[in-house]
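Two chains, two separate frames, one set of hints: put the complex together.
Quick mapping for you: the protein sequence lines, in order, are chains A and B. The opening residue of the first sequence carries number 9 in our numbering; numbering runs sequentially from there. The opening residue of the second sequence carries number 19 in our numbering; numbering runs sequentially from there.
Simulated from the structure, these hints should not be mistaken for laboratory data. All values reported here derive from a predicted model rather than from experimental measurement. Some clues are possibly wrong.
Computed footprint of chain B on chain A; a stretch qualifies when at least three of its residues, placed anywhere within it, have a C-beta under 8 Å from a C-beta of chain B [as the list claims (entries may be wrong)]:
#1 64-74
#2 228-235
List of simulated lysine to aspartate or glutamate pairs, EDC-like, C-alpha gap at most 16 Å [said to hold, decoys possible]:
#3 A:Lys-184 with A:Glu-131
#4 B:Lys-41 with A:Asp-136
#5 B:Lys-70 with A:Asp-295
#6 B:Lys-74 with B:Asp-60
#7 A:Lys-233 with B:Glu-86
#8 A:Lys-173 with A:Glu-163
#9 A:Lys-140 with A:Glu-111
#10 A:Lys-235 with B:Glu-86
#11 A:Lys-60 with A:Glu-92
#12 A:Lys-266 with A:Glu-254
#13 A:Lys-274 with B:Glu-68
#14 A:Lys-60 with A:Asp-42
#15 A:Lys-117 with A:Glu-84
#16 A:Lys-155 with A:Glu-52
#17 A:Lys-87 with A:Asp-42
All C-beta atoms, glycine included, are put in the ideal place defined by N, C-alpha and C.
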Amino acid sequence: MSDIKPFRVVHYLNQFYAGKGGEAFANTSPYKIDGSVGPGRLLEQTSKGKLKIAGTVVCGDNYFVENSSAIKQIIELIKSYQPEAFIAGPAFLAGRYGEACVEICCAVKERLDIPVITGLAPEHPAVDRYRKDLPILRTGTTGADMKNSIPRMGEILFKLLQGIKLSSSEQNLIYKRGLKKNAILEKNAARRAVAMLITKHRGENWQSELPMPKNDLVTPAPAIKEKSFTLALITDGGLILKGNPERMPSGRSDRYCKINIDSWEKLTPEKVEVNHFGYDNRYVLADPNRLVPLDIIKTLEKRGDIRLHPVIYSTAGAATAIENAASFGRGIASELKKAGVQAVILTST
Amino acid sequence: MARELESAGIPVAHICTMINVSKSMGGNRLVPSRSVLHPTGDPDLTLSEEFKLRQKIVSNALQAIQTEIKEPTVFE
Numbered sequence: 009m010s011d012i013k014p015f016r017v018v019h020y021l022n023q024f025y026a027g028k029g030g031e032a033f034a035n036t037s038p039y040k041i042d043g044s045v046g047p048g049r050l051l052e053q054t055s056k057g058k059l060k061i062a063g064t065v066v067c068g069d070n071y072f073v074e075n076s077s078a079i080k081q082i083i084e085l086i087k088s089y090q091p092e093a094f095i096a097g098p099a100f101l102a103g104r105y106g107e108a109c110v111e112i113c114c115a116v117k118e119r120l121d122i123p124v125i126t127g128l129a130p131e132h133p134a135v136d137r138y139r140k141d142l143p144i145l146r147t148g149t150t151g152a153d154m155k156n157s158i159p160r161m162g163e164i165l166f167k168l169l170q171g172i173k174l175s176s177s178e179q180n181l182i183y184k185r186g187l188k189k190n191a192i193l194e195k196n197a198a199r200r201a202v203a204m205l206i207t208k209h210r211g212e213n214w215q216s217e218l219p220m221p222k223n224d225l226v227t228p229a230p231a232i233k234e235k236s237f238t239l240a241l242i243t244d245g246g247l248i249l250k251g252n253p254e255r256m257p258s259g260r261s262d263r264y265c266k267i268n269i270d271s272w273e274k275l276t277p278e279k280v281e282v283n284h285f286g287y288d289n290r291y292v293l294a295d296p297n298r299l300v301p302l303d304i305i306k307t308l309e310k311r312g313d314i315r316l317h318p319v320i321y322s323t324a325g326a327a328t329a330i331e332n333a334a335s336f337g338r339g340i341a342s343e344l345k346k347a348g349v350q351a352v353i354l355t356s357t
Numbered sequence: 019m020a021r022e023l024e025s026a027g028i029p030v031a032h033i034c035t036m037i038n039v040s041k042s043m044g045g046n047r048l049v050p051s052r053s054v055l056h057p058t059g060d061p062d063l064t065l066s067e068e069f070k071l072r073q074k075i076v077s078n079a080l081q082a083i084q085t086e087i088k089e090p091t092v093f094e
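Chain B on its own, in the form it takes in the complex (with noise of 0.2 Å):
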């Protein structure tokens, strides 16, 4: 998916664990998840250490759409 709308010009933020697959399969603005199981989340950590953890996560997702690359980057 993450490729086909990268083609169509729309620039797709990855949030992912297995970032090497994504970039084999033609995902470029790769961000790596938590985890398989909660990607944007961590059920041990505290309500406000999830936030945090999840408002990081979030900002590089638009950091990466937010930046000129030329290849597939990782951003983290």
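Chain A on its own, in the form it takes in the complex (with noise of 0.2 Å):
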């Protein structure tokens, strides 16, 4: 028999995770349900006893990202389980699921003040936004990565819960979270900054010892003035040609293509279609005037308002790189300043 009794965990998944379906599922409003499930059993089984799952708590990720009450809920069914500890995910890549994990944590972190972790892949670009706020494990891009990561977050779990320090190896698997560590060095900051100076001046390699944080707002541009201007449409719903002649990926996408719309009135499910693997397709499928609005641009280019560049950019935006995104976005601006371009709209899935 163990020398300590388990402690009390909830784990947090998406409807994927918890078995309950895919993207057909993503609206499912949250629930719970007693004891682990999927990814919470491996928790277990490699925790050794250390932790048992009291209870899994579920939302689709289309319900937690277009209600701003599933949070409230999702805390409720956390807290009835009374834990003395908090998993999210890991949701390695995945863009939803990765949001509500970091949210959830955060929340139950302020309101129970207990241990949480949850896990994503670098690329993910909550990572940045919460790595000060919370540990995150990294992780693969994918659920293969599961095996790896889901024991790595219940050891780094239960040492937070013991107040145990984390090995160097266990904190190279957290993202930093730009904690100030006291240290003695031999020499007076006075002493290295003269030293950083003289290398500096003598065209050395030099580093400073206060990396500045990288600024992510971008200066607006300017707003378009004139009446009439040109406008060009770009989503990243993964719109493509029908029968996809292309060949453009469903995601982790590494291009961009082009969709010459110049003579359509509107997007019909005969010329068009989609291939992205991150939502559920059908609604845009059914009429792809819901994913680009170019029904109602061409009405109003009739009337003179505006003039509409002939293609559409599109790509599929699951799971893709942000270095990705941005060589697209580089390269899909370049193309439209040498067209005339003035202004675009960016419909996202």
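Quick look at the structure:
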């Protein structure tokens, strides 16, 4: 018999990892299941009796991002188990699921004041925004990494619960939180500063002791003043020509495509379809104007309000690396500038 | 994509559901969409209601493009 009683943990999962279903079930409202489910079972097994999942709280990915009350409902469900710790995901590179994991972790930390942990891939946009507030484990990009991530999350959560210091390899698995650590150096700050200045003056490699945070704000582009202007349409919702002649990927995209819409009045299921693994496509497949509002834009063009650029730029934004998306943006920007396009409407799923 | 286009001086109306995510990634002109599943439509509405909804979202987007802003702004 183990000498410690297992800690009571609540686990948060999306509809997919809870075994409810895929994108067709992404609108599922929050509910709870007593005990562990799916990845939670692996967590319990690998924790060797140190952690016990008292309950699993589940919410659909779309429900979470579309209902501001979701978080409140989820917190109530979590509270009902009176947990001593909380684990969310891991969500790897999943966009909506990862957002849910970090937001719920923050809320649990604030409201219940218990240790929390989640896991995300380095490319996930939430990492940079939440690394300071939460322990987030560095994971792979897909569920294939579950067998590595879950035991690590369990071990780290256990140490957080016990107040045990993390090993340096464990610290490296958590995204740097930007916390200051006191250290005693041989040379005082004045000597180090002068040494740094001399190194810089000589043109040698020098390194600041205070790395500046990256500023993510972008100065807004000036507004359009002309009454009539040229507009282009872009989407990351995976719009493609029927039959996907360009063989566009459904996610983890490395390129964008161009769809010529010059002679069309609107988008129709006969001409276009969707290839995107990140959402349930059926409503857009039935009427693609629900993704790119070409029908409305064409009406405005006829009235002379705008001139429409003859192609729609499209990619599938699911699990696409930020650097790739940025390079699509630069590529499209340079094409649009050449074509004299003045403004863009970008639709995202 | 939105941030690179705005950086290049092209105003972008970003129609999306996760407004805060767009904002933190450098989106400036933010227009709330109907849903992740149907940004500019709604299968639960009648065709004419849905068309009106889409007109409204597009008109918010055009408003965004034609408005001078200093910081990320939501148009709805």
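Against the structure, the hints:
1. 64-74: holds (count 4)
2. 228-235: holds (count 6)
3. A:Lys-184 with A:Glu-131: Holds: A:Lys-184 and A:Glu-131 sit about 14 Å apart, inside 16 Å.
4. B:Lys-41 with A:Asp-136: At roughly 13 Å apart (the allowed maximum being 16 Å), A:Asp-136 and B:Lys-41 satisfy the hint.
5. B:Lys-70 with A:Asp-295: Between B:Lys-70 and A:Asp-295 the Cα gap is close to 15 Å, so the pair holds against 16 Å.
6. B:Lys-74 with B:Asp-60: It holds: about 13 Å lies between the C-alpha atoms, which stays within 16 Å.
7. A:Lys-233 with B:Glu-86: Given pair A:Lys-233, B:Glu-86 holds - Cα atoms ~9 Å apart, limit 16 Å.
8. A:Lys-173 with A:Glu-163: holds, 12 Å
9. A:Lys-140 with A:Glu-111: Holds, at roughly 13 Å.
10. A:Lys-235 with B:Glu-86: Status holds; Cα separation ~15 Å.
11. A:Lys-60 with A:Glu-92: holds, 10 Å
12. A:Lys-266 with A:Glu-254: Holds. A:Lys-266 to A:Glu-254 sits at ~9 Å (cutoff 16 Å).
13. A:Lys-274 with B:Glu-68: holds, 15 Å
14. A:Lys-60 with A:Asp-42: holds, 11 Å
15. A:Lys-117 with A:Glu-84: holds, 14 Å
16. A:Lys-155 with A:Glu-52: It holds: about 12 Å lies between the C-alpha atoms, which stays within 16 Å.
17. A:Lys-87 with A:Asp-42: It holds: about 13 Å lies between the C-alpha atoms, which stays within 16 Å.
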